[in-house]
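Whenever a hint applies, use it, and build me the whole structure from the sequences.
Residue numbers (our numbering), protein chains in the order written: chain A, 63 to 363; chain B, 63 to 363; chain C, 105 to 201; chain D, 105 to 201; chain E, 7 to 398; chain F, 7 to 398; chain G, 14 to 203; chain H, 14 to 203.
Please note that the accuracy of each hint is not assured.
[Unchecked claim] Selected chain B positions facing chain A (Cβ under 7 Å, derived; list incomplete):
1) I171
2) S175
3) Q181
4) G203
5) T216
6) Q220
7) K223
8) R227
9) E231
None of these hints come from the bench; they were simulated from the model.
Beta carbons: idealized from backbone N, C-alpha and C, even for Gly.
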Amino acid sequence: MVKVKELPREEYIERGHAACGGCGATIAIRHALKALGGNTILTVPACCMSVIQGLYPKNGLSIPVLNTAFMTSGAAASGIAAGLKHLGKDKEINLMAWAGDGGTYDIGIQALSGAAERQTNFIYTCYNNAAYGNTGMQRSGATPYGSYSTTTPTGKRQHRKPMARIMAEHGIPYTGVISAAYPRLIYDTYKKAKDIVGTRFIEIHIPCPTGWRYPTWDTVNMGKLAVESGAWIMWEREGDEYRFLGRSKLIAEGKVQRKPLIDWIKPQGRFRFLLKDPGMMAEYERGIEREWEIMKRLVGC
Amino acid sequence: MVKVKELPREEYIERGHAACGGCGATIAIRHALKALGGNTILTVPACCMSVIQGLYPKNGLSIPVLNTAFMTSGAAASGIAAGLKHLGKDKEINLMAWAGDGGTYDIGIQALSGAAERQTNFIYTCYNNAAYGNTGMQRSGATPYGSYSTTTPTGKRQHRKPMARIMAEHGIPYTGVISAAYPRLIYDTYKKAKDIVGTRFIEIHIPCPTGWRYPTWDTVNMGKLAVESGAWIMWEREGDEYRFLGRSKLIAEGKVQRKPLIDWIKPQGRFRFLLKDPGMMAEYERGIEREWEIMKRLVGC
Amino acid sequence: MAKLKRKPPSHRITCITYPEKGAMGNTGDWRIFRPVVDREKCTRCQMCWMYCPDAVITMDEEGIPTFDLVYCKGCMICEEVCPANAITRVRETEAKE
Amino acid sequence: MAKLKRKPPSHRITCITYPEKGAMGNTGDWRIFRPVVDREKCTRCQMCWMYCPDAVITMDEEGIPTFDLVYCKGCMICEEVCPANAITRVRETEAKE
Amino acid sequence: MPKVVSVSGNHAAAWAARTAEPAVIAAYPITPQTTIVEKIADFVEGGELSSQYVRVESEHSAMAACIGASALGLRTFTATSSHGLALMHEMLHWAGRARLPIVMPVVNRAMGPPWNIWTDHTDSMSQRDTGWIQFYASNNQEVYDTVLMLFRLSEDPKVLLPSMVCLDAFILSHTFTPTTVYEHKEIRDFLPDYKAGHWKLDPKDPMATGNIAGPEYYYELSYAIHEGFEAARKLIPRVVREFEKHFGRSHGGFIDTSRCEDAEVILWAMGTMGEEATLAVENLRQQGIAAGSARLRVFRPFPVEQIQKLASKAKAFVVVDRSLSYGHTGGQATEIRSALYRGNNRIPVQGVVAGLGGRDVTQTDLEKLIQVGFDVADKGEAGPEIFYGLKR
Amino acid sequence: MPKVVSVSGNHAAAWAARTAEPAVIAAYPITPQTTIVEKIADFVEGGELSSQYVRVESEHSAMAACIGASALGLRTFTATSSHGLALMHEMLHWAGRARLPIVMPVVNRAMGPPWNIWTDHTDSMSQRDTGWIQFYASNNQEVYDTVLMLFRLSEDPKVLLPSMVCLDAFILSHTFTPTTVYEHKEIRDFLPDYKAGHWKLDPKDPMATGNIAGPEYYYELSYAIHEGFEAARKLIPRVVREFEKHFGRSHGGFIDTSRCEDAEVILWAMGTMGEEATLAVENLRQQGIAAGSARLRVFRPFPVEQIQKLASKAKAFVVVDRSLSYGHTGGQATEIRSALYRGNNRIPVQGVVAGLGGRDVTQTDLEKLIQVGFDVADKGEAGPEIFYGLKR
Amino acid sequence: MKLFEIRFHGRGGQGGVTGAKILARAAELEDKFFQAFAHYGAERRGAPVMAFTRIDNKPIRIHSYIYQPEAIVIFDETLLEIPSIQDGLREDTFVVVNTPRAPKDIKLKVKAKVSTVDATKIALDAGIVVAGIPVVNTIMLGAVARATNIVKIENVKQAIQKGLAGLPDKVIKTNVEAAQRAYDALVKGY
Amino acid sequence: MKLFEIRFHGRGGQGGVTGAKILARAAELEDKFFQAFAHYGAERRGAPVMAFTRIDNKPIRIHSYIYQPEAIVIFDETLLEIPSIQDGLREDTFVVVNTPRAPKDIKLKVKAKVSTVDATKIALDAGIVVAGIPVVNTIMLGAVARATNIVKIENVKQAIQKGLAGLPDKVIKTNVEAAQRAYDALVKGY
Ligand SMILES: Cc1ncc(C[n+]2csc(CCOP(=O)(O)OP(=O)(O)O)c2C)c(N)n1
Ligand SMILES: Cc1ncc(C[n+]2csc(CCOP(=O)(O)OP(=O)(O)O)c2C)c(N)n1
Ligand code: SF4
Ligand code: SF4
Ligand code: SF4
Ligand code: SF4
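Written out as structure tokens, the structure reads:
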């Protein structure tokens with residue numbers, strides 16, 4: 063794993079951008095772009111990242127960005143990818159779509175799935191803050207069971223769609239599931255993905271102080287606790303082979319114990335209903351255990 | 063398995079409908095509807111089935127049908143499901159969306175995936191004739207590698223999207239993959255699915271004389287050969303458990319040998335390019351082997 | 105054009121249709137070949153009935169298939185699936201004579 | 105409003121924007137707390153630099169973090185991740201005095 | 007008992023849904039419509055509203071789900087804005103052509119790119135050809151009242167058309183004002199339960215809808231939609247009257263006019279600009295200037311005769327569009343001119359485009375524009391379209 | 007060397023793409039557009055066309071992919087029809103507002119429900135507010151020629167707008183006629199390579215497009231689109247002239263007129279009806295009747311002045327729309343009336359809706375409608391809109 | 014010459030539009046203008062379908078349907094039973110039927126200019142058979158040339174060569190010869 | 014009464030709109046009409062934001078922005094540095110500032126009717142603190158009532174009770190008392 067001091071000093075996100083204070087998404091994109099470098103084109107559908115860029119006539123990202131409609135990241139990227147191929151620059155320039163969980167799990171899955179099926183040459187990042195952040199925290203397909211959102215005010219009653227596994231099962235060459243709490247892993251993951259040809263899907267778990275309702279300074283803590291408690295599993299699939307990553311690997315191998323789920327849940331305002339309802343809590347835990355089982359079966363351990 | 067003579071005599075498809083002679087889709091829907099019975103509401107996006115119904119002011123199906131826009135089967139069904147729930151009839155009336163492979167793999171995956179994530183109570187059938195039949199056989203995400211289509215005139219260069227597995231990985235309670243060549247299995251599958259609550263996804267392989275370019279009378283042969291040669295795998299997933307079905311089970315268990323793939327490919331005009339190109343042929347076979355491996359791993363055998 | 109059992113006012117409001125035979129007209133017109141059954145050979149297995157995509161086969165009192173030729177499109181799947189080879193194809197032009 | 109390095113005619117054709125600091129203004133204005141480093145305690149590990157979501161930290165010649173207070177939003181992640189507890193928060197109102 | 011609540015325009019819309027009690031609500035969030043669907047979620051999960059609430063995965067699906075539910079013969083509701091509305095476009099045509107009385111508030115917001123969340127009427131004006139009844143509201147009470155009127159209108163067996171009420175982003179959607187609201191049982195005299203007489207999905211009486219109709223039938227089915235609009239045209243005044251009888255309030259019929267009887271110049275505008283125009287008119291009247299204002303409440307069916315009538319005494323119209331059909335003019339200006347062309351009074355019509363993307367338009371601005379109308383009346387001829395407030 | 011091929015309107019469109027050599031084509035099939043994309047697939051896989059061909063999974067994605075490719079500064083092409091066009095609606099706004107010169111044939115087909123694959127202009131007329139240049143063609147050669155002209159027009163640095171050419175389903179799309187086509191190198195004098203001067207995605211000079219612009223900027227960015235249309239308005243006659251110079255053919259400018267100089271009644275129609283109208287006019291002329299026909303080729307930018315001019319000598323217009331903006335009139339009739347309202351010659355304009363959903367409209371029908379125009383001229387006043395050919 | 018309109022009746026899969034297009038090409042070789050199109054809607058294999066050719070010596074500006082064709086060509090005798098086949102029939106309409114029967118045996122509601130040819134036999138003899146079904150579209154064009162004189166048989170043959178370009182030479186040759194045979198074998202009833 | 018317009022300056026998360034709405038409710042209790050809204054765009058926590066209340070004794074038909082408010086209320090002294098805070102300031106504008114300083118120490122470009130109150134201290138004393146940050150919105154309303162006389166303090170207190178309904182009784186009580194304290198503690202500089 064890359065050392066902190068080896069991380070490139072170049073920044074591709076300008077100071078004074080419009081993210082909320084303590085935003086996990088900006089930690090994530092900072093290090094993803096460090097790995098990809100400046101020779102990268104980005105396309106961004108409606109999501110927090112379209113706000114984070116700031117206001118016309120300035121932009122907080124220092125690479126070319128095509129902002130595009132909410133449903134279209136996979137499709138807009140397909141057009142850019144085709145154009146780069148026409149120009150003979152598809153090997154030289156990295157192409158990345160950067161979309162939220164709503165723009166991926168919900169309204170963007172079709173364009174993404176189509177792009178993957180066509181073996182489009184690009185990296186698709188889903189940065190998952192588990193709700194529609196831009197519009198004020200409505201339920202998304204990624205919102206965890208039991209979580210408050212403004213459209214599930216008494217807690218969501220469905221489990222998260224297993225999006226990354228769905229993408230992996232498309233048979234794409236690379237799928238990675240990581241977290242904003244581990245920037246070095248982000249860097250390494252993008253470094254690896256950069257050199258693979260075809261559709262690469264990377265999902266980053268994004269602690270979001272605004273939506274999850276915890277103090278801004280706890281972003282890294284919340285990200286780590288999600289992994290440490292097993293609520294978020296980090297893994298990758300290269301070719302047809304699944305593998306656990308980082309802390310999740312240690313957990314899967316029994317080298318470390320999972321922390322109690324409650325350690326992660328309690329500090330977050332969005333889980334206040336879940337906390338009050340043992341039945342819901344049990345169902346949430348059941349969902350997590352099921353995820354671990356499925357993932358362990360896929361990894362083959 | 064149901065005996066031929068036990069199959070209900072009631073028909074829910076009227077004579078004089080508009081399917082091509084020898085259409086596998088009509089065999090499939092005949093038996094699916096026999097299993098569900100007349101207390102069923104159907105929604106159909108743009109596809110051959112919207113043509114098969116025939117012309118205003120008549121309709122070739124004798125259950126209520128909401129024809130709907132191409133992209134919307136999962137969504138239109140979600141609305142009907144909600145309405146049935148409001149009426150307290152969600153247990154009494156079966157709700158089915160019946161869509162083609164284009165309307166499922168490609169333009170319909172979003173609405174379907176959303177409906178599944180919301181645990182919508184309905185059966186979604188994808189009848190897969192492996193191309194856009196209604197519009198004259200363009201490429202779909204289900205078109206097999208190497209197959210001619212009017213938009214891949216020298217043969218498609220991507221493998222089929224593993225749609226049913228993608229749906230299964232959504233964690234829905236039932237997924238079934240069958241074929242029009244086995245009406246009794248169709249009947250049994252729908253009988254079983256009927257009694258499950260939640261989103262049930264059933265994919266039926268549909269030999270199509272018009273698109274696959276074989277004589278009308280070979281529909282059943284083509285359907286069976288696809289399974290016998292291993293090009294089409296029949297399986298189901300109930301809960302989290304995968305299982306092979308019918309002939310595919312025998313193949314997986316080594317009880318029967320797969321027939322040579324060429325037996326299935328050769329009679330079909332759509333594979334003429336594949337037949338000429340050993341490299342493509344090998345790639346197609348590689349894809350099939352990979353499917354078998356993945357499925358075997360999932361079934362756990 | 106089409107004759108309907110009933111035609112309520114809904115028709116004049118939007119595109120409502122009613123279940124009825126012949127939604128595509130008399131599809132028997134499409135036929136180039138006609139299925140003909142050999143009553144002797146037939147084993148009454150009903151495979152032809154099960155596989156007919158147009159649902160135009162009925163088993164008569166004796167359990168032998170009859171074909172509704174107003175709608176049978178002549179795909180000849182029945183011939184192909186008949187395990188007893190009891191169904192044969194006849195060119196429609198010849199059959200008509 | 106915003107001052108741009110350059111403003112080519114594209115601007116007048118469609119919504120083109122250029123990379124520049126302060127796309128959301130001087131976001132240092134948002135700060136309620138201000139990070140202050142204790143140069144003695146700092147071990148130069150760069151964790152604060154790595155985690156700063158606003159990329160406003162630079163390590164000075166001595167490897168100690170400096171904060172671009174024009175843009176630092178005061179989220180205090182740096183304080184939280186600093187393994188040496190070398191960063192502390194000061195209320196902005198107090199800091200200004 | 008009616009009660010007065012302090013609500014935003016969006017909450018007024020949500021309250022109206024609560025009052026009308028749709029069987030199914032399917033919606034997708036988009037700024038600045040979000041607080042409608044959030045409030046509805048509160049109502050539903052708080053047990054105050056019995057609707058099935060489907061949290062779909064896109065607006066295209068929202069409208070498709072409404073279509074599915076409405077096809078069961080059930081009352082159906084959704085809400086959207088801007089890109090969400092645009093994404094529905096295909097399904098708007100579908101709902102209109104299938105004659106499904108879905109009611110939908112549309113929060114008027116600018117289309118991107120660039121992203122812009124502020125008010126602009128281009129989103130809804132671009133849907134004028136989709137077969138939807140269109141109302142534009144000017145305050146929160148009108149939003150609330152119009153939703154109830156629209157259910158009544160849309161569900162009428164002679165009409166059977168979907169309808170939208172448009173409200174200006176933020177200016178109405180997020181501005182809190184006192185608004186009178188009712189519970190469901192209090193409005194049932196005015197708005198009875200919906201009974202789908204024309205068709206519904208019902209296994210007991212199987213019908214299908216939408217399979218292919220050839221050139222020999224399609225035209226008549228389209229004409230039936232036209233007839234639905236003509237029926238709506240007749241019914242609107244009655245619904246407005248009855249609403250007033252039941253609730254003691256009116257916001258005008260097709261057009262909400264102010265001092266038009268003896269106005270020499272009439273300023274036309276939709277939505278909040280239309281209401282603010284009445285202040286401009288009052289101010290000018292105090293200076294002895296014969297100004298009037300006409301707020302177009304109903305854009306579809308388009309009130310041709312009513313517009314013609316207003317031209318009979320006036321000397322000029324000034325038409326302010328908060329949208330632009332690029333390559334021609336604002337939609338309101340085009341259609342008003344066209345309406346007048348068919349009448350006898352052909353006074354000059356000055357077209358104005360103003361307020362795009364949330365650019366503020368004040369009472370003073372509107373007064374200036376009325377003054378322009380007097381110049382136009384003097385000249386007897388309108389000038390080229392004015393792009394008011396444009397910075398060059 | 008130009009060659010004459012026997013092609014359908016769709017193949018003419020595909021040939022035009024081949025001639026223009028876009029860098030990227032992204033499309034999705036829909037009857038009756040399919041043979042365009044199928045022919046393109048043949049060209050691409052047959053090595054006759056170097057374009058990257060993206061077989062997207064929906065029309066919304068088709069337009070998004072075109073936007074992505076065009077944003078790289080590349081020539082881009084797609085084609086669609088009816089529901090496909092409707093599904094693109096959001097992205098049509100996007101392409102227009104982003105100023106991307108995408109060119110797209112649209113095969114005019116009716117909207118469902120019921121499903122109907124025959125011709126009807128409602129699909130494209132419903133896009134009149136999206137910021138696209140719109141041409142309507144009347145024969146296959148015109149389809150081919152217009153695509154080339156549109157690339158030239160759209161890519162002009164002053165214009166930079168997407169454009170569509172509309173052609174009638176089956177009547178043109180699937181009808182084979184002799185058509186002259188060229189190879190790419192033969193047309194480069196007329197249509198040079200596209201050079202995106204305004205912006206492109208390029209890591210060497212990073213710019214972004216589309217992030218939020220508030221009320222202080224949005225209006226001006228919208229006005230810039232208006233300016234693009236005004237530039238197109240100026241440029242169209244020049245492009246038509248230059249096309250004629252290079253290739254010796256013209257199909258008219260904004261309006262293709264026949265015998266209008268001294269016509270008392272002018273019949274307006276778009277697409278194939280507009281061409282067939284010339285036969286009606288000839289026949290009536292032989293009977294000494296002073297008829298004329300005007301085929302509106304360009305709907306956006308809307309040719310206000312040219313229409314006004316044609317009213318100067320005529321006594322009445324008859325405007326035949328193959329579409330209907332429900333709740334008002336056909337879009338052509340509305341906009342022509344509006345245009346005349348701004349001019350000096352205010353002759354009666356009789357609106358007609360005809361041919362919806364593929365209902366056939368013959369030369370005889372058009373002759374009858376011209377006769378109606380004479381009645382109208384006599385009365386000095388048009389009657390209510392005529393729904394021609396309606397069966398009751 | 015006046016505008017000449019031809020209507021072809023066939024079955025889905027019999028190549029009606031191809032026939033209409035090849036006839037158009039033949040006219041083109043005589044420096045005429047043309048349109049060739051089909052009635053779209055339900056092109057199912059075996060289902061009755063129609064195709065059309067318009068020929069003129071000036072560009073064709075008419076776009077509406079063909080209601081009163083100058084010639085009606087019937088690819089398949091069994092289609093004679095469908096009433097719409099006689100739509101727009103006048104006394105001077107050419108009717109060319111594929112049948113072994115004589116023109117006088119063809120019963121129509123109007124006494125038109127009927128001619129007949131056994132194209133199916135010609136096809137079977139020449140082996141022009143696809144999926145077991147004789148294909149008569151090109152063959153009937155030979156008959157049309159003779160019956161109507163609207164194009165020369167040489168040009169029909171040349172048009173067949175162009176229209177079938179891409180198929181094996183032998184197939185093309187067979188088709189050309191079969192068209193000539195139909196030309197020779199046509200029996201005119203007028 | 015003439016239309017009275019108030020502009021609140023706060024920071025994202027400080028409850029500016031809630032404040033504007035509660036003030037509106039207070040006016041409603043005096044049978045007045047109102048509008049309460051915010052300037053939408055970038056409501057990030059900590060970022061400077063604006064909210065508005067309009068009060069009149071007839072229905073309000075004005076919908077455009079507030080350019081020249083009758084009163085400007087500043088929730089956070091640090092905001093004084095932002096120039097836009099003085100937009101539309103006139104000599105007769107009330108300016109109510111949360112600061113421990115005296116009115117005369119508040120430097121503005123126009124000599125307006127400035128009054129001050131240490132709302133932060135009141136909040137801290139009363140324990141009205143969320144996520145470590147004192148919340149002053151309700152407290153400032155007490156000051157506004159005194160500074161402008163636009164609403165009675167009783168009605169402000171009643172409006173707070175309604176506006177915070179749903180929160181624990183204790184919290185509401187604390188807020189009401191704090192508003193009264195601000196009312197009492199306000200220092201007028203005019
Ligand atoms: C068609 C359409 N529908 C809705 C919206 C409104 N919208 C913009 S961003 C967004 C939510 C984005 O959520 P997510 O993708 O999770 O990203 P996040 O904002 O959380 O970063 C929504 C609903 C839109 N722009 N377009
Ligand atoms: C938005 C939209 N795009 C395209 C079409 C045209 N269309 C109708 S059916 C169809 C293909 C359907 O293919 P599939 O789903 O595989 O079903 P099949 O026809 O093969 O049964 C297409 C492309 C449409 N109706 N709507
Ligand atoms: S194209 Fe194929 S699937 Fe469609 S109706 Fe014909 S045979 Fe059936
Ligand atoms: S398939 Fe053959 S044997 Fe069986 S019932 Fe039919 S005709 Fe008789
Ligand atoms: S407080 Fe937050 S923004 Fe400021 S330097 Fe620390 S981490 Fe960066
Ligand atoms: S995290 Fe702490 S110890 Fe490490 S560099 Fe920053 S201030 Fe120094």
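Against the structure, the hints:
The closest approach between the C-beta of I171/B and any C-beta of chain A is roughly 5 Å, which is under the 7 Å cut-off, so the hint is satisfied. For S175/B, the interface hint holds, since its Cβ comes within 7 Å of a Cβ in chain A; the closest pair sits about 5 Å apart. Using the Cβ-Cβ criterion of 7 Å, the hint placing Q181/B at the interface with chain A is satisfied: the shortest such distance is roughly 6 Å. The beta carbon of G203/B comes within 5 Å of a beta carbon in chain A, closer than 7 Å, and the hint placing it at the interface holds.
Nearest Cβ of chain A to the Cβ of T216/B: about 16 Å, over the 7 Å cut. The hint is violated. Proximity of Q220/B to chain A holds as hinted, the smallest CB-CB distance being about 6 Å (cut-off 7 Å). The beta carbon of K223/B comes within 5 Å of a beta carbon in chain A, closer than 7 Å, and the hint placing it at the interface holds. Restraint check, R227/B versus chain A: the minimum CB separation of about 5 Å is within 7 Å; hint holds.
Using the Cβ-Cβ criterion of 7 Å, the hint placing E231/B at the interface with chain A is satisfied: the shortest such distance is roughly 5 Å.
Figure legend: structure checked against the earlier numbered hints; the only hint not met is number 5.
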